[in-house]
Amino acid sequence: MFNQLTLLGSWGMENLRELGRSGMMVFDVVFSRPNIRKGFPLVIQQIYSEGVLSLLIIVVSSLFIGMVLSLQGYHTLQKFGATPELGPLVALSVTRELGPVVTAILFAGRAGSAVTAEIGLMKATEQLSSMEMMAVDPLRRVIAPRFWGGIISMPLLTMIFNATAIYGAYLVGVQWLGLDNGVFWSNMQASVEFHADVVNGIIKSIVFGVAVIWIAVAQGYFAVPTSAGIASATTRSVVYASLVILGLDFVLTAMMIGSW
Amino acid sequence: MTENLVEISKMSFQHESGKVVFQDVDIVIPRGKVTAIMGPSGTGKTTLLRLIGGQLTPTSGKVRVENEIIHELSHYELYQLRKRMGMLFQTGGLFTHLNVFENVAFPLREHTHLSESMIRTLVLMKLQMVGLRGARGLMPSELSGGMSRRVALARAITLDPDLIMYDEPFTGQDPISMGVLIKLIRTLNDALKLTTIIVSHDVQEALSISDYAYVIADQKIIGHGTPKDIMENASPQLQQFIHGMPDGPVPFDYPAQPITQDFLEAGVNV
Chain W
0 MFNQLTLLGS WGMENLRELG RSGMMVFDVV FSRPNIRKGF PLVIQQIYSE GVLSLLIIVV
60 SSLFIGMVLS LQGYHTLQKF GATPELGPLV ALSVTRELGP VVTAILFAGR AGSAVTAEIG
120 LMKATEQLSS MEMMAVDPLR RVIAPRFWGG IISMPLLTMI FNATAIYGAY LVGVQWLGLD
180 NGVFWSNMQA SVEFHADVVN GIIKSIVFGV AVIWIAVAQG YFAVPTSAGI ASATTRSVVY
240 ASLVILGLDF VLTAMMIGSW
Chain S
0 MTENLVEISK MSFQHESGKV VFQDVDIVIP RGKVTAIMGP SGTGKTTLLR LIGGQLTPTS
60 GKVRVENEII HELSHYELYQ LRKRMGMLFQ TGGLFTHLNV FENVAFPLRE HTHLSESMIR
120 TLVLMKLQMV GLRGARGLMP SELSGGMSRR VALARAITLD PDLIMYDEPF TGQDPISMGV
180 LIKLIRTLND ALKLTTIIVS HDVQEALSIS DYAYVIADQK IIGHGTPKDI MENASPQLQQ
240 FIHGMPDGPV PFDYPAQPIT QDFLEAGVNV
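Chains W and S supply the protein sequences, listed in that same order. Note that the first sequence ends on residue 259 in numbering that gives the first Met the number 0; no numbers are left out. Note that the second sequence ends on residue 269 in numbering that gives the first Met the number 0; no numbers are left out.
Think of the hints as simulated: they come from the structure by calculation, not from any bench. In this text the structure is predicted, and so the values were computed from the model without any measurement. Virtual Cβ for every residue (Gly too), placed ideally from N, Cα, C. Keep in mind that the hints are not guaranteed to be accurate.
[What the hints assert, rightly or not] Here are the in silico distance ranges between beta carbons for each label pair:
{"#": "1", "chain 1": "S", "residue 1": "SER40", "chain 2": "W", "residue 2": "MET254", "range": "50 to 58 Å"}
{"#": "2", "chain 1": "S", "residue 1": "LEU97", "chain 2": "W", "residue 2": "TRP175", "range": "45 to 53 Å"}
{"#": "3", "chain 1": "S", "residue 1": "GLU71", "chain 2": "W", "residue 2": "VAL223", "range": "23 to 31 Å"}
{"#": "4", "chain 1": "W", "residue 1": "ASN14", "chain 2": "S", "residue 2": "SER73", "range": "24 to 32 Å"}
{"#": "5", "chain 1": "W", "residue 1": "TRP175", "chain 2": "S", "residue 2": "GLY136", "range": "49 to 57 Å"}
{"#": "6", "chain 1": "S", "residue 1": "LEU97", "chain 2": "W", "residue 2": "ALA227", "range": "26 to 34 Å"}
{"#": "7", "chain 1": "W", "residue 1": "VAL223", "chain 2": "S", "residue 2": "MET117", "range": "36 to 44 Å"}
{"#": "8", "chain 1": "W", "residue 1": "ILE202", "chain 2": "S", "residue 2": "SER59", "range": "48 to 56 Å"}
{"#": "9", "chain 1": "S", "residue 1": "GLY41", "chain 2": "W", "residue 2": "MET254", "range": "53 to 61 Å"}
{"#": "10", "chain 1": "S", "residue 1": "SER143", "chain 2": "W", "residue 2": "TRP175", "range": "58 to 66 Å"}
[What the hints assert, rightly or not] Calculated Cβ distances over 12 Å to all of chain W for the following chain S residues:
{"#": "11", "residue": "LYS18"}
{"#": "12", "residue": "GLN22"}
{"#": "13", "residue": "ASP25"}
{"#": "14", "residue": "ARG63"}
{"#": "15", "residue": "ILE68"}
{"#": "16", "residue": "LEU121"}
{"#": "17", "residue": "LEU131"}
{"#": "18", "residue": "VAL202"}
{"#": "19", "residue": "GLU204"}
{"#": "20", "residue": "LYS227"}
{"#": "21", "residue": "GLN239"}
{"#": "22", "residue": "GLY247"}
{"#": "23", "residue": "PRO257"}
{"#": "24", "residue": "GLN260"}
Generate the whole structure from the sequences, applying the supplied hints.
So, in structure tokens, the structure goes:
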């Protein structure tokens, strides 16, 4: 009994210590003096590798999620003769919830894991140490561009996800199932509010972006520099990020629900 | 300018795990000389280089580099001082996303505002020194272990540092490149007026080019002096290490209970 209590205590301490270390790291990244001339190209490069290279999976998933949502929604709404509400149904669920959440989870799997593995391997092969000894701060040269690149990419990817998902719903609802084009779009326009629905969704995606990329860089930077260590860091990066996204989503929704 | 570039006094170091690596160690690295630090593997030779480079902080005692206590410097001062240090890591530590040329050019691009043609000239000069001018277009994955070490050496001297530290430079080199490397380390030291620290367990090679040598074992210095002194030192611990004898004061085996007991317990517990 006493032993278990001690174990629980040391587990808690270890986790808090880890949280503290990664918090300090992000603090250093966010509040270090930016060097625009050198930093800007690096951030652009990271937006490419984290954002642009994630486009394919985001576009394909969102198209199919929109299509299936439309199909399911249509069949249920039909029972109540409410098919004209298909547009609002899809648009609201995508902009408020599915867009930010699914994008963030896909982003954690596609970009977060890659960032963790890359930083972890750089650490294991002494690239970070040799950078330090060349008087180049790895926090500024390696961590910061990846961090900012992730934060900038996430809302952009979410917007693309939203647009493609709604287009997928249009393809199924209007083009295939024969819902009236004007009814689909005008009902959607009437019930989706720009600030309460679209902007709040984007705010969610920025928060998720910070969480995902923070977890990814911290897991990589503090990974045990062995092959097993990097493997478990990569797994943890995706698992923690996904759980944090779902938890944060609940909290954010509860905070935003007043405006709906 | 003082005579010694690095002065370590009464320094102790303990890992986070509690393992004691050094206990009250005193080391002096004279300016302009090649100093070898030798010792069996696992005695913390690499840790020592990291302490000198300010990547680790000693538990007690002081590490002075260029008359400054390196672990008390601010982040900015530490990075300024590191611009005057070069370090060659055991694995090379080359950036895998950059080719050989860009790896060597990296410190120049980070710390100077030189023109592209000037950077090209400097990088080619450094690569010529290590005999890899022709390999400038290759990626690190296309290099052999010995070659990547030489590229890393070129990169370490790109900013013309005052102090250069080599971590096991001789491992993984074939006899030809080993000969070249030994000569190169000596020539670089004398021609560029560097101060060199070599950490190695290759006794013959390290002693053949060094002016002074330290031998570390059991968390402390067990001998130091000129290579000649070291070779002639009568201490049994030193002799065992220099001549590579399996039996002596330094045990080959990791501490364990008697072997018969281990076998008798087989099947009971591991």
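Here is how each hint holds up against the structure:
1. SER40(S) <-> MET254(W): 50 to 58 Å: At roughly 57 Å between Cβ atoms, MET254(W) and SER40(S) fall inside 50 to 58 Å, so the hint holds.
2. LEU97(S) <-> TRP175(W): 45 to 53 Å: holds, 50 Å
3. GLU71(S) <-> VAL223(W): 23 to 31 Å: Once the Cβ atoms are compared, 29 Å apart, the range 23 to 31 Å for VAL223(W) and GLU71(S) holds.
4. ASN14(W) <-> SER73(S): 24 to 32 Å: holds, 31 Å
5. TRP175(W) <-> GLY136(S): 49 to 57 Å: About 54 Å separates the Cβ atoms of TRP175(W) and GLY136(S), which means 49 to 57 Å holds.
6. LEU97(S) <-> ALA227(W): 26 to 34 Å: holds, 27 Å
7. VAL223(W) <-> MET117(S): 36 to 44 Å: Distance hint for VAL223(W), MET117(S) holds at roughly 41 Å.
8. ILE202(W) <-> SER59(S): 48 to 56 Å: holds, 50 Å
9. GLY41(S) <-> MET254(W): 53 to 61 Å: holds, 54 Å
10. SER143(S) <-> TRP175(W): 58 to 66 Å: holds, 60 Å
11. LYS18: Non-interface label stands for LYS18(S): nearest chain W Cβ at 16 Å, farther than 12 Å.
12. GLN22: The assertion about GLN22(S) holds, with a minimum of 25 Å to chain W.
13. ASP25: The assertion about ASP25(S) holds, with a minimum of 24 Å to chain W.
14. ARG63: ARG63(S) clear of chain W: closest Cβ-Cβ about 18 Å, beyond 12 Å.
15. ILE68: holds, 18 Å
16. LEU121: holds, 15 Å
17. LEU131: holds, 17 Å
18. VAL202: holds, 25 Å
19. GLU204: holds, 22 Å
20. LYS227: holds, 32 Å
21. GLN239: At roughly 31 Å from the nearest Cβ of chain W, GLN239(S) sits farther out than 12 Å, so the non-interface label holds.
22. GLY247: GLY247(S) is indeed farther than 12 Å from all Cβ atoms of chain W, at 32 Å.
23. PRO257: holds, 31 Å
24. GLN260: holds, 29 Å
The structure shown violates none of the earlier numbered hints.
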